[in-house]
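As a plain string of letters, each chain reads:
There are 2 protein chains.
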Amino acid sequence: MEFGKVDVGDRVSVVLKDHSEEGRLMPSTDSDIIMIKLDNGYNVGFENCDVLKVELLSKAKHAPKEENVVSKNSKLPTIAILHTGGTIASKIDYKTGGVVAKISANDLVEMVPELAEFCNIESKTIFNMMSEDMSPHEYGVLADAICAEASKGVKGIIIGHGTDTLSMSSAVISFMIKNLNIPVVFVGSQRSSDRGSSDAAMNLICAAKFIASSDAAGVYLCMHENSDDTSCVILPGTKTRKMHTSRRDAFKAINSKIVARVLYPSGEVEILDNDYVKADSVKEELELKGGLSSEVALVKTYTGMKSSVFDYYTDSGYKGMILEGTGIGHAPTNSAANEGNYLALKRFIDNGGVVGITSSCLYGTVHEHIYSNTRRLGKIGVVFCSDMFSETAFMKLMWLLGNYSAPEAKKMLALNLRGEISSKLAYSEKFSPDN
Amino acid sequence: MEFGKVDVGDRVSVVLKDHSEEGRLMPSTDSDIIMIKLDNGYNVGFENCDVLKVELLSKAKHAPKEENVVSKNSKLPTIAILHTGGTIASKIDYKTGGVVAKISANDLVEMVPELAEFCNIESKTIFNMMSEDMSPHEYGVLADAICAEASKGVKGIIIGHGTDTLSMSSAVISFMIKNLNIPVVFVGSQRSSDRGSSDAAMNLICAAKFIASSDAAGVYLCMHENSDDTSCVILPGTKTRKMHTSRRDAFKAINSKIVARVLYPSGEVEILDNDYVKADSVKEELELKGGLSSEVALVKTYTGMKSSVFDYYTDSGYKGMILEGTGIGHAPTNSAANEGNYLALKRFIDNGGVVGITSSCLYGTVHEHIYSNTRRLGKIGVVFCSDMFSETAFMKLMWLLGNYSAPEAKKMLALNLRGEISSKLAYSEKFSPDN
Chain P
1 MEFGKVDVGD RVSVVLKDHS EEGRLMPSTD SDIIMIKLDN GYNVGFENCD
51 VLKVELLSKA KHAPKEENVV SKNSKLPTIA ILHTGGTIAS KIDYKTGGVV
101 AKISANDLVE MVPELAEFCN IESKTIFNMM SEDMSPHEYG VLADAICAEA
151 SKGVKGIIIG HGTDTLSMSS AVISFMIKNL NIPVVFVGSQ RSSDRGSSDA
201 AMNLICAAKF IASSDAAGVY LCMHENSDDT SCVILPGTKT RKMHTSRRDA
251 FKAINSKIVA RVLYPSGEVE ILDNDYVKAD SVKEELELKG GLSSEVALVK
301 TYTGMKSSVF DYYTDSGYKG MILEGTGIGH APTNSAANEG NYLALKRFID
351 NGGVVGITSS CLYGTVHEHI YSNTRRLGKI GVVFCSDMFS ETAFMKLMWL
401 LGNYSAPEAK KMLALNLRGE ISSKLAYSEK FSPDN
Chain U
1 MEFGKVDVGD RVSVVLKDHS EEGRLMPSTD SDIIMIKLDN GYNVGFENCD
51 VLKVELLSKA KHAPKEENVV SKNSKLPTIA ILHTGGTIAS KIDYKTGGVV
101 AKISANDLVE MVPELAEFCN IESKTIFNMM SEDMSPHEYG VLADAICAEA
151 SKGVKGIIIG HGTDTLSMSS AVISFMIKNL NIPVVFVGSQ RSSDRGSSDA
201 AMNLICAAKF IASSDAAGVY LCMHENSDDT SCVILPGTKT RKMHTSRRDA
251 FKAINSKIVA RVLYPSGEVE ILDNDYVKAD SVKEELELKG GLSSEVALVK
301 TYTGMKSSVF DYYTDSGYKG MILEGTGIGH APTNSAANEG NYLALKRFID
351 NGGVVGITSS CLYGTVHEHI YSNTRRLGKI GVVFCSDMFS ETAFMKLMWL
401 LGNYSAPEAK KMLALNLRGE ISSKLAYSEK FSPDN
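Sequence order for the protein chains is P and U. When you line the first sequence up against the working numbering, it's residues 1 to 435, in that order. When you line the second sequence up against the working numbering, it's residues 1 to 435, in that order.
Isolated chain P (complex conformation) (with noise of 0.2 Å):
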């Protein structure tokens, strides 16, 4: 193969047998494998042995390193962001054809101008990674580094996150922080087959815009409403969902609704639900209980499971479960064969372990009161989580244990926090992933 003089960020063109690919070179972590990003935002990678040549057809243009604040305008109101990696960073790292471990100020306003017309960006790097990949460590950097933001006045702040498990630290982050009085907007950006253009811009825009004029406080998402480029959702931060692996309006509010719409490219705001948390409400301080237990898992139910599988995550020490079950909360536990399941999240429950049911239907909700199977999970102390989806509940689940005694995280994991469990059906006319 012939491999001209290129660069990391360059515009070459990768030469197969039958045909060739254009497109920026991306640093592959695969030494057999060349890996570029083509004009659609799709990353390819080649083996190299398929590969004849690759030439160059464009140097990449380094943008200049410069301070990491632009001039201030004082009559503009101050927005953060802070990256933590994934598609986002990716698109608007490659967008100036180089790989930049930082993303400064000057970078963002340089790709994404419409930002400086209205607000003063503050950006910083906190860490890199896939969203896959995130850990209770990564929670408690991220945590922190909002409530550093929020201390210094900012109108609000903007998480730049991979999208896989976005709503996981929306989740979080809603726990984690207490009487937060700014709105904390994560935002991420879909790989799309189907369009040319990369989301990110509009999806950070169109956060900025909702930011600058809200009187909103908490922790929101922004995200693509469809697949048009007129409108972006701001969604609630325990209530949202990933629902497509691969489209831009991926993210649905799962039993509850929309907050509100922000228009693009106009970046006017409409309230859809105005039961959110006003800035001028928040009275208490701010307050961190950064506390997540490692001793947590998630576990879905399925036929034939086996009763060890339980034993298991005893034995091993952990002191939560988030069981995902089917329907109105069952799991396979009621008939002769199943009696060996029961038993062992008994044992669970007895050693001190704290254990909560949530549906496989995402959808509605559950309920401990309507059959007897139901009941029966319900006397051993098995808490029904309400309308939460199974990662919400996890997410709480594993911040509870992380700051309270397990009777105290088993109550509150029932209870209305942040959101996280809908005090009304509004679900019930709200069935689609389209609402």
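These are calculated hints, taken from the structure and not from any lab test. Keep in mind that this is a model prediction, so the values were computed, not measured. Misleading hints may appear alongside valid ones.
Pairs count within a copy or across copies, as identical chains cannot be separated in the list.
[Claimed, not checked] Calculated lysine-lysine pairs in the BS3-like style (CA-CA distance at most 30 Å, straight line):
# : residue 1 : residue 2
1 : Lys379    : Lys346
2 : Lys411    : Lys59
3 : Lys346    : Lys37
4 : Lys411    : Lys17
5 : Lys411    : Lys306
6 : Lys155    : Lys178
7 : Lys346    : Lys306
8 : Lys37     : Lys379
Keeping the supplied structure of chain P fixed, place chain U upon it in accordance with the hints.
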């Protein structure tokens, strides 16, 4: 507490301190609980200590027990109905006011007289259980019963089944029985909190109407299309999922089209996707491959997941695992902190285990070749399960490892055998449970 002379099935008033509730007395598995079925279809239980008295309102009318086959009209097609339990059986049972372990053809025709107008019914109760407790044993009994009915030359078969695992059963039966040349339609009934009427009768009638008029072969589901009582939908056996805990239109085709709509009460069938298997295209003999491995697990990934979870499955001798990952097929296996998970998964596979990965998004498809992290999973042998959701992939792998060697099973997991993998990305326009 006063407990008048009341029997299960009688209409009673349960008098509490501050109000009373009317309904049919249900059998209770818990001697501390009095359970009644309200007129809206809900079962409600009361602790004995809260009940002042139970008053008899009217005695149950017990349907006379007769033969299991009503006189046949030789001009009409014959449809077999196999009952397996669940709410649909419970609704039928309690509509007559009595507990009947077996639902005879007479009972059924008495309760749903519309059926006799266009078909002969043969009714059989093959077992009676809540569907969350279904296990490989019951799938075997059900598959045998379906094959026995099919060999009698009926026009089609209806399976009455609990809704929690309705679509998991339809999936596993799709795999177990090859070359079905008649339609087998799974029917359940949801509790409906918003409407008083039961959906059992309408779902049954629409399924029977579809069978009577259809040239389809293979496995389907028939459930309400929306909250109105104006239509049911015929859904594909391997690509349907329960997406709401309680609504009657809870069942949605995921990454797939709806096969047909059956208007109610006219019974008119509108074909929505003509791509279904036609009965006259099935030339080969019916074939039952009944093996189901009980050494397969369904494992949902989560943040902070530990490698010892995977070790448990390896050390317990599991042969297969479906990993419900995030996004496009990611698992927490790529950071330094998660390298242990990668190695533990590799050990499971190196020991001969088959691992398939799906996405918690449900909608869309997993891809091996877009990210270096997904390529890295592919490299150790993880199978990317395309647009199969977790439950169907799990049922498929359980069946594959019950009938084929691990290398064969691994290969077949990625192939479309029964419509479980969409050949084209038809779903990209169809991203909604409302499709």
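Numbers of unmet hints, in rising order: Per hint list: single violation, 2.
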